[in-house]
Amino acid sequence: MEPLSGRKSLTDEVHDRLVDALCSGALPPGTPLRQEAIAEELNVSRQPVLQALGLLRRDGLVEPMGRRGYRVSQVDANLVRHVYDLREAFDGLAARLAAQSLDVNRKSALRAAIQQGHHALGSGDTADLVAADVAFHQTIYRLSGNPLLPEASAAVWLQIRRVMHAYLQSGSSRDPIWMEHEAIADAICAGDGDRAQQLAINHSNNAKHRLTSKMKDSETHTN
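For the sequence shown, full-length UniProt numbering gives the first residue as 1, with consecutive numbering after it.
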């Protein structure tokens, strides 16, 4: 992690920097988080670090270790199921509303998001793939016309980002994800709300099953 710039509040900057480290795998599950060490690395006092860790605890990304501070929360099959159950509801609603939207930029916005995904697939970079995936879904949320959707789903998407990164970094198949994205985009552009919603729900369910199966396989090999 690099020193902070001071453009935001220190708490926000510390929070954003820690989120990036958590979601990228730079701070993997179980990693102890010491306030003093983080403050020294980011060249800030302990207070904004403490406040940022409190925000991360609220979102379920870190957990307390008693007097020893915090550690990065574990990612397991139960967490994935809980997170993706919520994602299913958010994504289905967003896709339906986006299909009903009269936004004249709907098609171009979705095509740009799909193109970003193809570039990421070409690069093979995990961080690019996660960023493109998140951008695609956030485009749909924006096109839904409901300004509460991004905020209401923010904590869920923080968890999704770090789960996605771990899954893609393992070398798992990436093509089906973007084929499903294109089908959702096509349904939205066609104004078919029912189909868009169902495809979005199926997409979330498929992701949940892929992730939980991968975790169960890993647990079997570990044991």
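For the record, the hints were derived by calculation from the structure and aren't laboratory data.
Note that this is a predicted model, so its numbers are computed, not measured.
Treat the hints with care, since some could be wrong.
In silico EDC-like links for lysine to aspartate or glutamate, alpha-carbon gap of 16 Å or less [to be verified]:
(1) Lys107 / Glu182
(2) Lys208 / Asp125
(3) Lys107 / Asp59
(4) Lys208 / Asp16
(5) Lys214 / Glu88
Distance ranges between label pairs, derived from CB positions [unchecked claim]:
(6) Asn146 / Lys8: 25 to 31 Å
(7) Ala127 / Asp76: 19 to 25 Å
(8) Gln35 / Gln169: 27 to 33 Å
(9) Asp194 / Asp76: 18 to 24 Å
(10) Leu148 / His82: 17 to 23 Å
(11) Leu148 / Met65: 32 to 38 Å
Where is the CB? At the ideal position from N, CA and C, for every residue including glycine.
| Could one say that the CB atoms of Leu148 and Met65 fall in the range 32 to 38 Å? | 34 Å, holds
**Prompt:** Do the beta carbons of Gln35 and Gln169 sit within 27 to 33 Å of each other?
**Reply:** 28 Å, holds
16 Å Cα cutoff - pair Lys208, Asp125: 22 Å, violated
Do the beta carbons of Asp194 and Asp76 sit within 18 to 24 Å of each other?
-> 34 Å, violated
> Are Lys107 and Asp59 close enough, with their CA atoms no more than 16 Å apart?
Replying inline: 33 Å, violated
Beta-carbon spacing of Leu148 to His82 - inside the hinted bounds 17 to 23 Å or not:
21 Å, holds
Could you check the hint for me, namely that Asn146 and Lys8 are 25 to 31 Å apart, CB to CB? The hinted range 25 to 31 Å holds for Asn146 and Lys8, with Cβ atoms some 26 Å apart.
Query raised in the report: Holds or violated: 19 to 25 Å for the Cβ distance of Ala127 and Asp76?
Result: 23 Å Cβ-Cβ, so the 19 to 25 Å window holds.
Between Lys107 and Glu182, does the CA-CA distance stay at or below 16 Å?
12 Å, holds
Requested in this report: Mind checking the alpha carbons of Lys208 and Asp16 for me, to see if they're no more than 16 Å apart?
Outcome: 26 Å, violated
Would the hint linking Lys214 and Glu88 be met if the CA-CA limit is 16 Å?
19 Å, violated
Hint compliance for this structure: hints 2, 3, 4, 5 and 9 are broken, all remaining hints hold.
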